[in-house]
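Residue numbers (this note's numbering), protein chains in the order written: chain A, 10 to 254; chain B, 286 to 566.
None of these hints come from the bench; they were simulated from the model.
Residues from chain B that keep clear of chain A, each with C-beta distances beyond 10 Å, as calculated:
#, residue
1, GLY299
2, PHE333
3, ALA427
4, THR439
5, ARG466
6, ARG472
7, ARG491
8, GLY510
9, GLY549
Computed footprint of chain B on chain A, listed as stretches where at least three residues anywhere in the stretch have a Cβ under 8 Å from a Cβ of chain B:
#, segment
10, 22-28
11, 100-109
Keeping only pairs whose Cα atoms sit at most 25 Å apart, straight-line, the calculated SDA-like set for lysine to any residue is:
#, chain 1, residue 1, chain 2, residue 2
12, B, LYS485, B, ARG290
13, B, LYS448, B, ARG434
14, B, LYS485, B, GLU459
15, B, LYS397, A, LEU20
16, B, LYS397, A, LEU31
17, B, LYS397, A, ARG27
18, B, LYS485, B, GLU506
19, B, LYS485, B, THR297
20, B, LYS397, A, ALA83
21, B, LYS397, A, PHE30
22, B, LYS397, A, ALA169
23, B, LYS397, A, TRP93
24, B, LYS397, A, PHE18
25, B, LYS448, B, SER343
26, B, LYS448, B, SER329
27, B, LYS397, B, ASP379
28, B, LYS397, A, GLU19
29, B, LYS485, B, ILE292
30, B, LYS397, A, PHE32
31, B, LYS397, A, PHE24
Just so it is clear, CB atoms sit at the ideal spot from N, CA and C, and this is done for glycine as well.
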Amino acid sequence: MSSASYIRFELLRTFRNRRFFLFSFGFPLVLYFLIAAPNRHVHSLNRSGISAPLYYMVGLAAFGSMNAMLATGARIAAERQVGWNRQLRTTPLTPRTYFRAKVLTAYVVAVGSLVLLALAGTVLGVRLPAHEWLRMGWLMLVGLIPFAVIGVAIGHLVAADSIGPVIGGTLALFAFLGGVWFPISGSGTLHDIAQALPSYWLVQAAHVALGGGGWTSRGWLVVAAWTAAMLVVAVRAYRRDTARA
Amino acid sequence: MRAVRGIDATVTAGETVALLGPNGAGKSTTLDILLGLLDPDGGSATVFGMSPSDAVSSGVVGAMLQTGGLIRDLRVRELVTMMASLYPDPLDVDEVLALTGTEPVADRLTQKLSGGQVQRVRFALALVANPELLVLDEPTAAMDVEGRREFWTTMRDFASRGKTILFATHYLEEADAYADRAVLMARGRVVADGPTTEIKALVGTRTIRATLPGVPLEQLERLDGVSHAERRGEAVILACSDSDAAIRALLAAYPEARDIEITGAGLEEAFLILTEDGEDE
Numbered sequence: 010m011s012s013a014s015y016i017r018f019e020l021l022r023t024f025r026n027r028r029f030f031l032f033s034f035g036f037p038l039v040l041y042f043l044i045a046a047p048n049r050h051v052h053s054l055n056r057s058g059i060s061a062p063l064y065y066m067v068g069l070a071a072f073g074s075m076n077a078m079l080a081t082g083a084r085i086a087a088e089r090q091v092g093w094n095r096q097l098r099t100t101p102l103t104p105r106t107y108f109r110a111k112v113l114t115a116y117v118v119a120v121g122s123l124v125l126l127a128l129a130g131t132v133l134g135v136r137l138p139a140h141e142w143l144r145m146g147w148l149m150l151v152g153l154i155p156f157a158v159i160g161v162a163i164g165h166l167v168a169a170d171s172i173g174p175v176i177g178g179t180l181a182l183f184a185f186l187g188g189v190w191f192p193i194s195g196s197g198t199l200h201d202i203a204q205a206l207p208s209y210w211l212v213q214a215a216h217v218a219l220g221g222g223g224w225t226s227r228g229w230l231v232v233a234a235w236t237a238a239m240l241v242v243a244v245r246a247y248r249r250d251t252a253r254a
Numbered sequence: 286m287r288a289v290r291g292i293d294a295t296v297t298a299g300e301t302v303a304l305l306g307p308n309g310a311g312k313s314t315t316l317d318i319l320l321g322l323l324d325p326d327g328g329s330a331t332v333f334g335m336s337p338s339d340a341v342s343s344g345v346v347g348a349m350l351q352t353g354g355l356i357r358d359l360r361v362r363e364l365v366t367m368m369a370s371l372y373p374d375p376l377d378v379d380e381v382l383a384l385t386g387t388e389p390v391a392d393r394l395t396q397k398l399s400g401g402q403v404q405r406v407r408f409a410l411a412l413v414a415n416p417e418l419l420v421l422d423e424p425t426a427a428m429d430v431e432g433r434r435e436f437w438t439t440m441r442d443f444a445s446r447g448k449t450i451l452f453a454t455h456y457l458e459e460a461d462a463y464a465d466r467a468v469l470m471a472r473g474r475v476v477a478d479g480p481t482t483e484i485k486a487l488v489g490t491r492t493i494r495a496t497l498p499g500v501p502l503e504q505l506e507r508l509d510g511v512s513h514a515e516r517r518g519e520a521v522i523l524a525c526s527d528s529d530a531a532i533r534a535l536l537a538a539y540p541e542a543r544d545i546e547i548t549g550a551g552l553e554e555a556f557l558i559l560t561e562d563g564e565d566e
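Bound conformation, chain A alone (with noise of 0.2 Å):
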């Protein structure tokens, strides 16, 4: 018995679908450079001081990330569309290694894409220190945590026909309310609410590299709970997903 095959086994079909691939990695990127390179040589972006292939590559990154975790809530729908779940059910395989196998999957795949990102950055121009681009990656790494969870919860809690919606919902929410899109101002509700999304901590992880701070002891806070909650609910709808379809 070895879950180190089955994990292999798992990469090597993640990589194999050429469609996934393409929209994982290549919507951000297009997306990047629809936005940034016409503004390329805008070096202070409404005097921030802050280029805007920087400022771009930072929200894209935070973005991109998250859709590829979440996305594989879409993965397993279509897996458990065919039945594929309860035919692994009937075999040895653990929770454990199940999880471990989509959660490395998930990450491979935002890491590609944020690598992506990163070069697209530095061809438009953007220059950072070595320690700034591997504080901001590691941050980036802990702070999609709780999407890679959340992406396995939903793909056991949601049927094929819906997970379209529901991924590309959830991602705008996230998205929206966390600040990715347009920055959350220091104080209000909506600043309150912000705080409380692990989206708002993925994209204070990516602001890193636009001289921010990194997290307070506050989103360490709430990426573990949104983890432990998420992962509860995982692993909870794992186990009751044995129906028939």
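Once you've looked at the hints, dock chain B against the given chain A.
Frame of chain A, contents of chain B only:
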């Protein structure tokens, strides 16, 4: 709604047992409980002395469910290897590909397979587990004649290794040809359990239907060749062990019988007659 009630049956190691019944008899529900996919509301199921989910976790059970497709973006050989990696003592992947006739499509992506090929691959996934107990839920339902024949040849070979096989089917002929024993299910309960020859005699009967008001059923059941009688309004239905003898006896005793039909009872019909005495909920 209750799909099954009071299933009480034991399968001995090394046996090949058919779970026989018409659609909706509760066969799949029973197998789902046995595979740990469904918890019974009452009662218990044990597999090799373990709970179903423990048995599944320990890798002694292999299953081919009634419905289901394959995940995409893997070649057949890769998918079989992936599933083999989950079991403690799997069969050799190439051997399984050969046994299940999936060798010619081993390098094809799963989404490019025909329906019959998918069915063979699903069988390969169950077989590669090298399980002590192989559970098959209507395995041949989507197979062509050729596929069916090959399938049962492979099954016989697997059974000869001392493995236990439990398969659900609604074909009496399949149960008769390939099982040592058949457990007959109808309307969620076991209505008969025994060697397939007995079961065949029990359900492989003909029925006589005739309009015959006012005759008590006990008298009809005493007629030669009649094993069971029941009434539907003015009509009576006689389940016969020997329909030739029965029709002669019927007409001799009750010349007024009319609208007579003699039919070979399908499995479904035979089940209905067998279970007619049972209370309806």
